[in-house]
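Q: What follows is each chain in one-letter form.
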Amino acid sequence: MPDYSWPPMEKRKMIGKATKRLDGPMKSTGRAKYATDLNQKDLLHAALLTSPHAHARVVSVDTSAAEKIPGVTAVRVLSGPGTEIQWQGTEIAAVAATTEEVAIDATTKIKVQYEILPHLVKEEDLAKAGPRAKAAGEQTKGDPDKAFQEAEATIDGYYGIPVITHCCLEPHGQSIEWKGDHVNFWPSTQNVSGIGGDLSQNLKVPATNIHVTMQYVGGGFGSKFGADRWGVECAQLSKASGGRPVKLFLDRATELMIGGNRPSAYAKVKVAGMKDGTITGWQSESWATGGFGGGGSPPLPYVFDVPNQRKNHTAVSINAGGQRAWRAPNHQQACYLTCTAIEDFAAQIKMDPLEVFDKNAGLTQRADVYRAQLAKGAELIDWKKKWHQRGDSGSGNIKRGLGLAVHTWGGGGHNSQCRTNIHPDGTVELELCSQDLGTGTRTIITQVAAETLGLPMGAITLKIGDSSLPPSGPSGGSTTVGGVSSSTRKSTVNALEKLFEAVAPSLGSPADQLEAVDGRIQVKGNSAKSLTWKAACQKLGVNKISEMGANDQRNPGGLNSSGVGGVQMADVSVDIETGIVRMNKMVAVQDMGLVINPKTAESQIHGACIMGICAALMEERIMDEQTGRMLNAEMEFNKLAGIGDIGEIVAHLDITPEHDKRGVIGLGEPPAISTITAIANAVANAIGVRVTNVPLTPNRVLEALEKRSA
Amino acid sequence: MSKVSSKKNPDAPIKPKNGFSRRGFIRGVGISSGALGSGLLQSTATAAPAGTAGPGAVPVTLKINGKPLNLTIEPRVTLVDALRNYLDHTGAKKVCDRATCGACTVIMDGRVVYSCTVLAIDAQGKDIQTIEGLAANGKLHPVSAAFVNHDAQQCGYCTPGFVMAAKGFLDKHRNPTLEDVETGLGGNLCRCGTYVGVRKAVLEAAKEMRGGRNA
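Line order of the protein sequences matches chains A and B. The first sequence begins at 1 in our numbering and counts up by one. The second sequence begins at 1 in our numbering and counts up by one.
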């Protein structure tokens, strides 16, 4: 079997080199065509009519007026009479028309009668959830009662982290052309290889007849895997309109209501421990909602496997849009509920939390990694100099504080197949049906191929985003980089072996004594006996080389692995007169195995921290108890941080020979986990009191301060 | 609703943003449009043509990147929809559709505007620059090049709007400080979190443009 292992660190020329993303110029000139940008010939536009009610029964739907509007080509009812609606934004009907304006007009002419039913849209007050709350049953470990009896110190805290929405800038949707027995599908998706199969099942069209293409996607973050109901209906509208292509994307309000969200999590937590910082007991009563289907079950206590535990979790079903995977599902919540409580425990015993986290590192699966990362983070944020006892931040209205949190993630490589074609004219083509979410997938695949083949990146043509190419897994769980880098490595090594076989006679050397270096095929270590890449490929005659390589998730052969740790620290200033929290600095220390492109890796960490700042300081879905409606289904009050809100961000890529030996590990998710908690802990440190719920809006900060003075 | 200040000095009092933030301007409109210092959109509001058009489709001519383009649209069609749905200029993106996020940013008569909040018929007679016109000769504009150099883009959906906002900002502020950049580009939002790269990119582009290259 050929040797697929990664070249040694010191010998790499492309892998590990900070490289500009290949599709950067396409994006920064506006030429990158996203699914929303494709205007096919004879394109029709579709619009959805959605339910304004959180809980209702559809009594009647009258589409006759809509059907008569000139330009309308098809009207479909999705939720007919008798349908029980369980959340606002549920699709009631869909219209296709010659223009977007006509399609939207037509939806307003559809008359729907509802029988309005009682709703539950808020879950923080568990007592009001009644039968909508389902307890999962108690879990215990060790002897929690004894641990609390023998504890030298305990804390009793309450913490809450709300539902937030994915808010992908490119909304969910697609164009579809269903002509005869063939379907052309142009979705906005994280799953080009798999989404056609999902549509196929719903349309009863053979999967072989569905062709999916997508070159660019405007954000997914875990919310864009399936064909979805709007995909299926878009296809039906196309069929009903004589096979013309139809474009259907969610408008912003609908996107925020039904396009995916991160479940909430609330908990009453007790921590027991010793005055030296040792944590001995954990007790939590937690609850969460992921919408009507319930959901949200954070793994508690997070990272630290406290020896004595008692846990009760309750899932609450509410009348609001359903959860979807959200960049590190359940981990942000678990991190928040755990690392806030540990910080409060540290404050209770008046110990530096850096020492408490370090002291308890033995309870984690990677004590040495976390200890080293805590030290590195502390150095980068100047912890020893800047940290003070909780609330001991001097006079004046601006209070400064530091906080930290830790996280973990898997990130093994998904199944992926790659084909490498080497043509007799020397051109090289790589084919795999993956997708580049903006993580730099195109760039890292090309770096790996260039490394293996000894060619410049510009000599390699990469084809992704087309379902006729060899399949790769969906981009979720931080599994893409491990999967595609490994399949690319194997495929290019296999193709190169074939090339060696073809040129061996000309170089008078056995094939296994050849190497590809700097655009030449040569006898190992002897550049005098060599051929240029082009001359070598000419030896192929008229036949191209076409070789596959596959990554098997269960057997990655050392090319990729999973399991990382990270530490983040925040430095904030809080104005105790206005309640405004401002970021001074974030430090993110992250281990990630072998790093193919430090430039895009660093961007991932920066972006993850900024997402965390949004969620820590401003983002939340606000539901109205009276009407059952989402009050901020737009982007003015469903807030994201702007460029002036983020402070300094320092990403430390933990690149070491030890981590490198583990192979490639995904990075998309881990650094998105602990930012929120590090900031919340920094605010507590600054103002001397815990603000129990994020986001840390000025009103919450002022309320917490008021309680302290009361 | 309050917001987070962008002030850099950690010990300085935290005050709301003012100055030339478009985002601040738009926010303020609902409260008191008379008391605002920005004025970036004011002239377009007062310069709307008199008379009525519609409700049916009417012929409209838009001067885009120096070329007059004819289309027939209903008067209610916004500039971003006209660009995207009728002229296949899809660089500008429709994201919030409510003048919050800046993904639809174009430059109109030298002013940076949200094209989701301008009616196409009101844009007649104006000089409209879209991102499609920025690299017309095939060479990257210094702003686009700086975005690539500093990886100021991930999914890239907000990028065309950011590039146009940066270009419009730098046309008027040739030697900005970091704080100026943060305020001047406060009207554009990114979900992937590319602001670290954007800050560096805009400062580098300012330097390049001062050097006179392709400015």
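Be aware that a few hints might be false.
Derived pair list, reagent style SDA-like, types lysine to any residue, alpha-carbon separation capped at 25 angstroms [unchecked claim]: (1) K707/A to G391/A; (2) K68/A to A57/B; (3) K63/B to G391/A.
Derived from the structure by calculation, the hints contain no laboratory data. In this text, all values refer to a predicted model and were calculated from it rather than measured experimentally.
Q: Against the structure, test the hints numbered earlier, and report the numbers of the ones violated in rising order.
A: Of the numbered hints given earlier, the structure breaks just one, which is hint 3.
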